[in-house]
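Engineer: Note that full-length UniProt numbering has the sequence shown beginning at 1, numbered continuously upward.
Just so you know, the hints here were simulated from the structure itself, not pulled from any lab data.
Ideal placement from N, C-alpha and C gives every residue a C-beta, glycine not left out.
Misleading hints may appear alongside valid ones.
[Claimed, not checked] Per label pair, the in silico range of CB-to-CB distance:
no., residue 1, residue 2, range
1, P68, E35, 33 to 43 Å
2, P42, D18, 35 to 45 Å
3, P66, A33, 57 to 67 Å
4, H47, S26, 38 to 48 Å
5, H47, D18, 34 to 44 Å
6, E40, P68, 45 to 55 Å
7, A25, H47, 29 to 39 Å
8, R39, T70, 21 to 31 Å
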Amino acid sequence: MSGPYGVDQDQVSVAGFDIPSSPDASYNNVYPANEEEGREPPALPPHLQHTLLNHPTNGDPCASVPSPRTSL
C-alpha cells in the first residue's frame, strides 16, 4: 500500500519496535446467543400505553383533561 508521499507504509519500521501479529483466533470470535434476542419487541412500552393521546376526547372544549398516570 503506497502512502501519500510514495513511501510504502508496510515496509516502514522503527528500530527496536516490532508490531506484534494478531492471533487468527481474534478475528473469528463467536458471540454467545442471547435468549432475549429471539423475542419480538412489545407493541408499546408500558409507560406509553396510558398517555393522554390514548384517552377519548370530550365534546366540551372547556372540560378538564384527566391527570396523567405516572410510569413509576
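Engineer: Would you pick out the hints that fail for this structure and give their numbers low to high?
Structural biologist: 2, 3, 5, 6 and 7
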